[in-house]
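Based on the hints, put chain B in the right spot on chain A.
Protein chains: 2
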Amino acid sequence: MKCAEGVEVRDLEELAINLDPIQAGGRLTADAMKAVIAYGDGYSVCDNCGKPFRLDFIKKPPIDVFHRDLAAWLNVDAVRVVPGARRGFQAVAHTFVGEGDPVLLTSLSHYTAFLAVEESRGVPLEIPASTGHIVTADAAAAKIEEATRTYGRPPALLIVDHVDYQYGNVHEVQGIARVAHQYDVKVLYNGAYTIGILPVDAKALGVDFVVGSGHKSMAAPAPSGVLGTREEYAKQLFRTTAVQGDVTGRKFGVKEVEMMGCTLMGVTLLGMIASFPHVRERTKQWEDELRRGSVVTGALRSIEGTRISSEYPRKHTLTRVDTTQSFDKVAQTHKKRGFFLTSALKEHGIVGILPGATKVWKFNTYGLSETQVRHVADAFRAIAEANGLAVS
Amino acid sequence: MKCAEGVEVRDLEELAINLDPIQAGGRLTADAMKAVIAYGDGYSVCDNCGKPFRLDFIKKPPIDVFHRDLAAWLNVDAVRVVPGARRGFQAVAHTFVGEGDPVLLTSLSHYTAFLAVEESRGVPLEIPASTGHIVTADAAAAKIEEATRTYGRPPALLIVDHVDYQYGNVHEVQGIARVAHQYDVKVLYNGAYTIGILPVDAKALGVDFVVGSGHKSMAAPAPSGVLGTREEYAKQLFRTTAVQGDVTGRKFGVKEVEMMGCTLMGVTLLGMIASFPHVRERTKQWEDELRRGSVVTGALRSIEGTRISSEYPRKHTLTRVDTTQSFDKVAQTHKKRGFFLTSALKEHGIVGILPGATKVWKFNTYGLSETQVRHVADAFRAIAEANGLAVS
Numbered sequence: 000m001k002c003a004e005g006v007e008v009r010d011l012e013e014l015a016i017n018l019d020p021i022q023a024g025g026r027l028t029a030d031a032m033k034a035v036i037a038y039g040d041g042y043s044v045c046d047n048c049g050k051p052f053r054l055d056f057i058k059k060p061p062i063d064v065f066h067r068d069l070a071a072w073l074n075v076d077a078v079r080v081v082p083g084a085r086r087g088f089q090a091v092a093h094t095f096v097g098e099g100d101p102v103l104l105t106s107l108s109h110y111t112a113f114l115a116v117e118e119s120r121g122v123p124l125e126i127p128a129s130t131g132h133i134v135t136a137d138a139a140a141a142k143i144e145e146a147t148r149t150y151g152r153p154p155a156l157l158i159v160d161h162v163d164y165q166y167g168n169v170h171e172v173q174g175i176a177r178v179a180h181q182y183d184v185k186v187l188y189n190g191a192y193t194i195g196i197l198p199v200d201a202k203a204l205g206v207d208f209v210v211g212s213g214h215k216s217m218a219a220p221a222p223s224g225v226l227g228t229r230e231e232y233a234k235q236l237f238r239t240t241a242v243q244g245d246v247t248g249r250k251f252g253v254k255e256v257e258m259m260g261c262t263l264m265g266v267t268l269l270g271m272i273a274s275f276p277h278v279r280e281r282t283k284q285w286e287d288e289l290r291r292g293s294v295v296t297g298a299l300r301s302i303e304g305t306r307i308s309s310e311y312p313r314k315h316t317l318t319r320v321d322t323t324q325s326f327d328k329v330a331q332t333h334k335k336r337g338f339f340l341t342s343a344l345k346e347h348g349i350v351g352i353l354p355g356a357t358k359v360w361k362f363n364t365y366g367l368s369e370t371q372v373r374h375v376a377d378a379f380r381a382i383a384e385a386n387g388l389a390v391s
Numbered sequence: 000m001k002c003a004e005g006v007e008v009r010d011l012e013e014l015a016i017n018l019d020p021i022q023a024g025g026r027l028t029a030d031a032m033k034a035v036i037a038y039g040d041g042y043s044v045c046d047n048c049g050k051p052f053r054l055d056f057i058k059k060p061p062i063d064v065f066h067r068d069l070a071a072w073l074n075v076d077a078v079r080v081v082p083g084a085r086r087g088f089q090a091v092a093h094t095f096v097g098e099g100d101p102v103l104l105t106s107l108s109h110y111t112a113f114l115a116v117e118e119s120r121g122v123p124l125e126i127p128a129s130t131g132h133i134v135t136a137d138a139a140a141a142k143i144e145e146a147t148r149t150y151g152r153p154p155a156l157l158i159v160d161h162v163d164y165q166y167g168n169v170h171e172v173q174g175i176a177r178v179a180h181q182y183d184v185k186v187l188y189n190g191a192y193t194i195g196i197l198p199v200d201a202k203a204l205g206v207d208f209v210v211g212s213g214h215k216s217m218a219a220p221a222p223s224g225v226l227g228t229r230e231e232y233a234k235q236l237f238r239t240t241a242v243q244g245d246v247t248g249r250k251f252g253v254k255e256v257e258m259m260g261c262t263l264m265g266v267t268l269l270g271m272i273a274s275f276p277h278v279r280e281r282t283k284q285w286e287d288e289l290r291r292g293s294v295v296t297g298a299l300r301s302i303e304g305t306r307i308s309s310e311y312p313r314k315h316t317l318t319r320v321d322t323t324q325s326f327d328k329v330a331q332t333h334k335k336r337g338f339f340l341t342s343a344l345k346e347h348g349i350v351g352i353l354p355g356a357t358k359v360w361k362f363n364t365y366g367l368s369e370t371q372v373r374h375v376a377d378a379f380r381a382i383a384e385a386n387g388l389a390v391s
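These protein sequences, in sequence, are chains A and B. Position 185 of the first sequence, counted from 1, bears residue number 184 in numbering that gives the first Met the number 0, the numbering being contiguous throughout. Position 267 of the second sequence, counted from 1, bears residue number 266 in numbering that gives the first Met the number 0, the numbering being contiguous throughout.
Accuracy of the hints is not assured; some may be wrong.
If several chains are the same, the list does not tell them apart, and a pair holds so long as it fits within one copy or across any two.
[Claimed, not checked] Lysine to any residue pairs mimicking SDA-like chemistry, simulated, CA-CA at most 25 angstroms apart: (1) K345 to D19; (2) K254 to D19; (3) K58 to Q181; (4) K1 to I36.
Hints were generated in silico from the structure; no laboratory data involved.
If we strip away everything but chain A, and leave its shape as in the complex, we get:
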């Protein structure tokens, strides 16, 4: 069935259990879907925009209230919505990173953090993760010292993922923030896999900037995200325009330079707002999510030769698994080769694993029900057994 010329209706979430690592936290809530239908039109939130003519001041729909609630929830002094987490990185980097400035990120950082540094003409330097794929405070301290020696000044910024996209591991954010501040280095917290998923308290973590993704983890449409900071940096990061028309003498009021004025003027923001009460609640059920996730990792570990590459026990539902010694051995002789696994999963109604992957791959059980994780666990075991792998 087509929804437009040449465009098939997307019904993947309705027809299958989706384990895609990046899509799990961005599925809309029912309220968000209703809001998306009601606010689909372009500038749909601008009906009642009055002075001072800025998105976060709009009262109807209650965008102003949402900003206050969001700031309180994240425990930041100021918050804005942005078109994706990457645009939050960009705003921070562009404000605080100068040409040639060293900027620390980690050996597990997402490419968008690198791009933000590159776009600001800084020099990205990776804090190496441990052999267990954890970024530690000690490693951060060592890298800060090394960078300071090399560049003759401390890093302009340190960007750290609370949970990384490669292993879904939890890194020492609090400790890293503490040592970074000892060297006067500002810390940007990348919460793309945490904000909207598990409880996040910026002040308790001791970070200076927090960035989250609406479409990745807040059950919102793309592109959307959040950017928060403490009072100390809000004036710089959210500085209002200072230029003036040389002919007309025009000024541009309270428009914020790094935000480029208003950011999410319609469906994206309203989806995020509609999901927010549900998102706030679901973060409190994080332990249940982990428990359900362990049903699947447990099943995988019961298949001979299969290894969870992520830290174990799991502290996040995004998991990297190494099946080089199990499913990949099957692939060597299977008539479908590497595609046998994703093909077999599909027969069980399970999708979202990179097609053809049998060596090292990722999955995310976030949002699955008890019945669904049991179905996934059984499917993995059944596929293993059907292909001659021992299951304990």
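This is chain B only, laid out in the frame that chain A set:
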């Protein structure tokens, strides 16, 4: 009726005729609404993303085909989608404008063009519009010379609106591009009020960059927009990442620095794609839109003391009107003061004029049917007569 906690359903477009100046071209088509429902979830377009893992290469849904069709339609060599026209300005300014560089825009430019220059640390300078509020090639040449004398180098960029947001006037883009190129100045065409509304041919206009707005003029959800350029500049503007992880040796493939990687990963892009065939067709009906618009401007001009501030006859459906000598006189003694006009319009089922405005205000008839423009014209005349203004 609420669509989510604290959020009223938006039914303005269903219940009234909306003359809002910025919303007219962004109302979704029926196909876009269907696509929005099908692709509401966060990363909804990423189901079939494979190597080289970039949005504009995705084949299903046919995002790659859309990019090719879009480039052909605008007559540019390369095109990308961006989260709003402003993010297109930002990418161009950030690539070609250095600290302290003079950049020309016009005395009628939108604030987002100023912000893009400010964010890139350039110096915005306005080309003055004529007394008739038209930006001419002669005025552009004079300002280029003045800026070159003052700054010791030609402007790094010239940004010109084809149709401006204040008067909806059509400016001498082709002539401005010609003189700018004589001085080796690059030209960015702001098509926020034209791309998706009337035919635009970048090469015929002779401009180097074109920027359009999805949510303003392409019947797409917010934030969305397009950015196109000619081959000469595509490599710089859409340059791919050149940084590398110092520890891991990681590179980031074909991700583009100014795009921050992928841009519109879901509902915004699919809305734009679904509307595209309709948008392409509607630009061919532009003369009909102008004719329908003239029904309303004609009615306003028939009210004593009322003056169309925009150029006349109208060449765009966004119009600025001066009613200081008509409706504002009524407001002086009316019990509802300045709110009488918007209140009276509302009784006629017409919304979208800034509440309280009776002096100088704007409206846009884009997309209204024959019956609707006649209703609007009759309403203005009836309100005038009911308040003692002569109607000829």
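Subject >> Numbered hints the structure breaks, given as an ascending list >> reply: 3
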